[in-house]
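Novice: Chains F and A, in that order, give the protein sequences.
Taken in order, the first sequence gives residues 1 to 364; the numbers are from my numbering.
Taken in order, the second sequence gives residues 1001 to 1126; the numbers are from my numbering.
In case anyone wonders, no lab produced these hints; they're calculated from the structure.
In this text the structure is predicted, and so the values were computed from the model without any measurement.
Don't take each hint at face value.
Subject to a maximum C-alpha distance of 20 Å in a straight line, what follows is the list of computed SDA-like cross-link-like pairs (lysine to any residue) [said to hold, decoys possible]:
id, chain 1, residue 1, chain 2, residue 2
1, F, Lys86, F, His170
2, F, Lys319, A, Val1015
3, F, Lys320, A, Asn1091
4, F, Lys20, A, Val1015
5, F, Lys86, F, Val363
6, A, Lys1075, A, Asp1033
7, A, Lys1075, A, Ala1110
8, F, Lys319, A, Thr1086
9, F, Lys20, A, Asn1091
10, F, Lys20, A, Thr1124
11, F, Lys20, A, Asp1081
12, F, Lys360, F, Tyr188
13, F, Lys20, A, Asp1033
14, F, Lys364, F, His170
15, F, Lys364, F, Trp256
16, A, Lys1075, A, Arg1024
17, F, Lys364, F, Arg231
18, F, Lys262, F, Lys20
19, F, Lys364, F, Ile82
20, F, Lys355, F, Glu335
21, F, Lys360, F, Gly285
22, F, Lys320, A, Ser1064
23, F, Lys320, A, Val1089
24, F, Lys20, A, Ser1064
25, A, Lys1082, A, Gln1042
26, F, Lys320, A, Asp1081
27, F, Lys20, A, Ala1031
28, F, Lys319, A, Pro1087
29, F, Lys319, F, Gln362
30, F, Lys320, A, Thr1092
31, F, Lys360, F, Trp256
32, F, Lys20, A, Glu1125
Short, incomplete list of chain F residues facing chain A, as computed with Cβ under 7 Å [what the hints assert, rightly or not]:
id, residue
33, Tyr33
34, Gly37
35, Leu39
36, Leu164
37, Arg291
38, Thr314
Built from N, CA and C at the ideal position, the CB exists for glycine as well.
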Amino acid sequence: MTMELRRSPLHDRHAALGAKFAPFGGWEMPLEYAGGGVLREHSAVREAVGVFDVSHLGKARVTGPGAADFVNSCLTNDLGRIGPGKAQYTLCCDDATGGVIDDVIAYLHGDDHVFLIPNAANTAEVVRRLRAAAPPSVEVVNEHEDYAVLAVQGPRSAELVGSLGLPTEHDYMGFATAGDLTVCRTGYTGEHGYELVVPAGRAVAVWDELFAAGEPLGLRACGLGARDTLRTEMGYALHGQDLSVEITPVQARLGWAVGWNKPAFWGRDALVAEKAEGPRRTLRGLEALDRGIARPHMTVYAGEQAVGEVTSGTFSPTKKVAVALALVDTAAGLEDGATVEVDVRGRRAAMRLVKPPFVKPQVK
Amino acid sequence: MIPDDLRYTAEHEWVAATAGGPVRVGITHYAQDALGDIVYVQLPDAGAAVTAGEPIGEVESTKSVSEIYGPVTGKVVARNDKLADTPEVINTDPYGEGWLVEIEPSDPAALDGLLDAAAYRELTES
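I would like the entire structure built from these sequences, with the hints used as guidance.
Specialist: What follows is the structure in structure tokens.
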């Protein structure tokens, strides 16, 4: 089977900047740019400002009387914790097992309107599950290709977004609308930043405006390579690696994104039971003591005993050391600070268990 | 980006021949570009025996890892220890400061079996 990769409305802009492309979640997206590279693009976001085209991210709209209550009865986090104009990190779990179908940002517009940003590869499935469960009054629409999403991230992001005449003063996880744009104080980098949800037909104009204004601020176009090193330094989970239908929020230590007191959400029974019993494994941070980079699916050892599996791993450009996330068996009884070994292509690389984030977040 | 005076392997190493002495080995511009920002290099110690076509070390970037293959059979006589602290010179100067090792070939004629610049260009452009 061959599948045509979908392309962002900004594809030609990326090609003009000498992007290397990679398939991601069914989309062909920039991995890094000529003259940039993962390390330079990473530094731009930590020290100045970077723009990522993340138009591959899903978009779905849930509307109608009781839309927010309906979403709240499905996804794990409690929309009652936020008000209109705020977004929330939440999870779509399998009702039977509690495994994570996807992690999602939910933007609460009001009681009758919630906008969802799922991951590219999972959008159709999240929409399918919501639609199947929705009461007749609630409509769930997949708007995946109707919008582009531009993530403007870094300490100078407010200056840049503000220079386009867009609102920037709202709190972390808040959003504001400006004409046909939504400006969200969200991101996946650990820096102060914005995600601009832009009608697809306006994406090129907004991209060009950002680059016209961004040069004096040190703006760089950033690809998925830097997005991965930035999010890994924060310990943010990536669905398909650190989260999956085989991994529950309790195991991934995302209990903070579960409204445990809600009467209903998908996976509630399984997750409440797992929480009470204690998970058999949990997602932990690893920081290298040796050279070599732990990569997904490598085995974690305590002595001769296999105690876990790496789910994400890369080189931290900020700390100049390899960092990783791994699912580690609870039964091994390993505390943070303990030394473990990862089998890196037949060599044992010593790593220390640490509590993420690996680098201090500056999101507020 | 493919110097005419070097020899090449299909695994994207370059080899600089000298008259009768050891050969210098690195990875090509094409290889470093495909790897992206290189952050670790693992190289054999001086004195190590290497075999043509067998792995002798690794270069690792933020994205991926790639093995380095011995372009010729022989003995390692020098390695570029500066790469331990500044692996990025492989990206910025792959044919110069970013060299990896020097090998004394057991058969000086072994270089004749390697690709010339035209053949390597054809390989990477096809």
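Novice: Hint by hint, say whether it matches the structure.
Specialist: Do the hints match the structure? See the list:
1. Distance restraint check for F/Lys86 and F/His170: the Cα-Cα separation of roughly 10 Å lies within the 20 Å cut-off, and the hinted pair is therefore satisfied.
2. For the given pair, F/Lys319 sits about 34 Å from A/Val1015 by alpha-carbon distance, which is inconsistent with the 20 Å threshold.
3. Restraint check for F/Lys320 and A/Asn1091: the C-alpha separation of about 17 Å stays at or below 20 Å, so the hint holds.
4. Only pairs whose Cα atoms come within 20 Å are accepted, and F/Lys20 paired with A/Val1015 is rejected, the gap being roughly 28 Å.
5. Between the alpha carbons of F/Lys86 and F/Val363 the distance comes to roughly 15 Å, so the proposed pair stays at or under 20 Å and holds.
6. At most 20 Å may separate the alpha-carbon atoms for a hinted pair to count; A/Lys1075 and A/Asp1033 exceed this at roughly 28 Å.
7. A C-alpha spacing of about 13 Å is found between A/Lys1075 and A/Ala1110, which places the hinted pair at or below 20 Å, so the restraint holds.
8. Between F/Lys319 and A/Thr1086 the CA atoms are separated by roughly 15 Å; this keeps the pair inside 20 Å, and the hint holds.
9. With a C-alpha separation of about 16 Å, the suggested pair F/Lys20 and A/Asn1091 falls inside the 20 Å cut-off, and the hint holds.
10. For the hint pairing F/Lys20 with A/Thr1124, the CA-to-CA distance comes to about 16 Å; that is within 20 Å, so the pair holds.
11. With a CA separation close to 31 Å, the supplied pair F/Lys20 and A/Asp1081 exceeds the 20 Å bound.
12. Taking the CA atoms of F/Lys360 and F/Tyr188, the gap is about 14 Å. The hint holds against a cut of 20 Å.
13. A C-alpha spacing of about 10 Å is found between F/Lys20 and A/Asp1033, which places the hinted pair at or below 20 Å, so the restraint holds.
14. Between F/Lys364 and F/His170 the CA atoms are separated by roughly 10 Å; this keeps the pair inside 20 Å, and the hint holds.
15. For the proposed pair F/Lys364 and F/Trp256, the alpha carbon gap of about 18 Å is at most 20 Å, so the pair holds.
16. Among the hinted pairs, A/Lys1075 with A/Arg1024 is consistent with the structure: their alpha-carbon atoms are about 12 Å apart, no more than 20 Å.
17. In summary, the hint linking F/Lys364 to F/Arg231 is supported, as the alpha carbons are separated by about 16 Å, within the 20 Å threshold.
18. Between F/Lys262 and F/Lys20 the CA atoms are separated by roughly 45 Å; this puts the pair beyond 20 Å, and the hint is violated.
19. As the CA atoms of F/Lys364 and F/Ile82 are separated by approximately 17 Å, the hinted pair is consistent with the 20 Å bound.
20. For the hint linking F/Lys355 to F/Glu335, the alpha-carbon distance of about 10 Å falls within 20 Å, and the restraint holds.
21. At most 20 Å may separate the alpha-carbon atoms for a hinted pair to count; F/Lys360 and F/Gly285 meet this at roughly 14 Å.
22. Of the supplied pair hints, the one linking F/Lys320 and A/Ser1064 holds, its CA atoms being roughly 16 Å apart against a limit of 20 Å.
23. Note on F/Lys320 and A/Val1089: the hinted pairing holds, with a Cα-Cα distance of about 16 Å set against a maximum of 20 Å.
24. At roughly 15 Å between alpha-carbon atoms, F/Lys20 and A/Ser1064 fall within 20 Å of each other, so this suggested pair holds.
25. The straight-line distance between the Cα atoms of A/Lys1082 and A/Gln1042 is roughly 12 Å, inside the 20 Å bound, and the hint therefore holds.
26. Proposed proximity of F/Lys320 and A/Asp1081 is supported: the alpha carbons are some 18 Å apart, at most 20 Å.
27. Taking the CA atoms of F/Lys20 and A/Ala1031, the gap is near 14 Å; set against the 20 Å cutoff, the hint holds.
28. With a C-alpha separation of about 16 Å, the suggested pairing of F/Lys319 with A/Pro1087 holds against the 20 Å cut-off.
29. At roughly 16 Å between alpha-carbon atoms, F/Lys319 and F/Gln362 fall within 20 Å of each other, so this suggested pair holds.
30. Between F/Lys320 and A/Thr1092 the CA atoms are separated by roughly 19 Å; this keeps the pair inside 20 Å, and the hint holds.
31. The suggested pairing of F/Lys360 with F/Trp256 holds, with an alpha-carbon distance near 19 Å, which does not exceed 20 Å.
32. Of the pairs offered as hints, the one joining F/Lys20 and A/Glu1125 holds, with about 16 Å between alpha carbons and a cut-off of 20 Å not exceeded.
33. Hint status for F/Tyr33 relative to chain A: violated, with the closest Cβ pair at about 11 Å, above 7 Å.
34. Of the supplied interface hints, the one on F/Gly37 holds, with its beta-carbon coming within about 5 Å of a beta-carbon of chain A, less than 7 Å.
35. With a least beta-carbon distance of about 4 Å to chain A, the hint placing F/Leu39 at the interface is held under the 7 Å criterion.
36. For F/Leu164, the interface hint is violated, since its Cβ never comes within 7 Å of a Cβ in chain A; the closest pair sits about 31 Å apart.
37. Checking F/Arg291 against chain A by beta carbon gives a least distance of about 5 Å; that is within 7 Å, so the hint holds.
38. Taking 7 Å as the C-beta contact cut-off toward chain A, the hint placing F/Thr314 at the interface holds, the least distance being around 6 Å.
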